[in-house]
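Enquirer: First to last, the protein sequences are chains L and W.
Using the working numbering, the first residue of the first sequence is number 1, and each one after it goes up by one.
Using the working numbering, the first residue of the second sequence is number 209, and each one after it goes up by one.
Worth flagging that the hints you see were computed from the coordinates, not collected in a lab.
The beta carbon of each residue, even a glycine, is placed where N, CA and C say it ideally should be.
Treat the hints with care, as some may be off.
Unchecked claim - Some residues of chain W that are not near chain L, with every Cβ distance over 12 Å (derived):
| hint | residue |
| --- | --- |
| 1 | Gly249 |
| 2 | Glu250 |
| 3 | Ala252 |
Stated by the list, open to error - Rough simulated footprint, nothing fancy, chain L against chain W, three-plus residues with beta-carbon under 8 Å:
| hint | segment |
| --- | --- |
| 4 | 217 to 226 |
| 5 | 235 to 245 |
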Amino acid sequence: MRLEEWEYYADHPVYERPWRDTRWVAPLESMRPRAYLPYVPPGRNMPTEGTREPLLMEMIGHPSVTVQQTSEGNTVQTVHLYSRYAPYIRLDQIRNMARRWRQALQRLSHGPYTLGELRDMGHPYGYGTTTKISWQRLGTPRKIPSFGIGTRRGARAAVPNRAVINLQNGKLERSWRFSVMTWSGGVTVNFWNEAKSERGSAPYPWFL
Amino acid sequence: MQAHGPWPYVAEELLPEVHEAWRLGAMEAARARRLEEDQFGEAAVINQDTNYEAGDFV
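Using the sequences and the accompanying hints, generate a full structural model.
Expert: Here it is in structure tokens:
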């Protein structure tokens, strides 16, 4: 390196930026657009507790909805609604909506297929047989095959809507519950299912 | 990651309506609150809240 370059770099470190440059050229990985952040008055800190996605289920579009398992083994879907006026909000409409939500869960719990039919169809709800261990396989469910002339022997049949649970003994359909809880900062609506298998009390709503 | 089942399906169907109902409710509550504050003053409303939270039902 030439001596004048050496002296120049000694006085002008490359990590220095002009004083006018106060913004990043491109957003860094953890940056979020200002429009998506809550309003915080100047001088106050950004609230640290935010929405979280504990199990990274397919709720990315709705960070205010979570699905978790309680210590009793029940699967709980929680809808968080926040407002500083929560103690003064009339909850009739929210309760009606919660009732409709529970009805929708019940309605999706009486599909027509029996266990034998599902076996004959090649277990259309099942996961593929791969070398991955079971909980990793949950991330890549087997694709629903399309109808066509290429229907081969042994191919897995399709069901119209895999959100529908098939009715076997009706226990799961009867076990849907909901609650609406008010607290000072909002309302929490919980939907859960208390069904357990008769042998070993496995919480099978969690496996859906 | 969930493969199937009604959990995300129902949320996608009904969550917009729930949010709509919640926003309307919050708007009405905020309006009522502001009316009370204009009529009785902020201190009176806060005092009322404090009494209510302490269990002093009048």
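Enquirer: Beyond 12 Å from every chain L Cβ: check whether that's true for Gly249/W.
Expert: Since the minimum Cβ distance to chain L is about 17 Å, Gly249/W lies beyond 12 Å and the statement holds.
Enquirer: Quick check: the segment 235 to 245 of chain W, covered by chain L? Criterion 3+ residues, Cβ under 8 Å.
Expert: Result for this restraint: holds, n = 5.
Enquirer: Are all C-beta atoms of chain L more than 12 Å from that of Ala252/W?
Expert: 15 Å, holds
Enquirer: Just double-check Glu250/W for me: nearest Cβ-Cβ distance to chain L has to come out over 12 Å.
Expert: Nearest chain L Cβ is 14 Å from Glu250/W, so the label holds.
Enquirer: Quick check: do three or more residues in the segment 217 to 226 of chain W have a beta carbon closer than 8 Å to a beta carbon of chain L?
Expert: Answer holds; 9 residues pass the 8 Å Cβ test.
In this structure, every one of the numbered hints holds.
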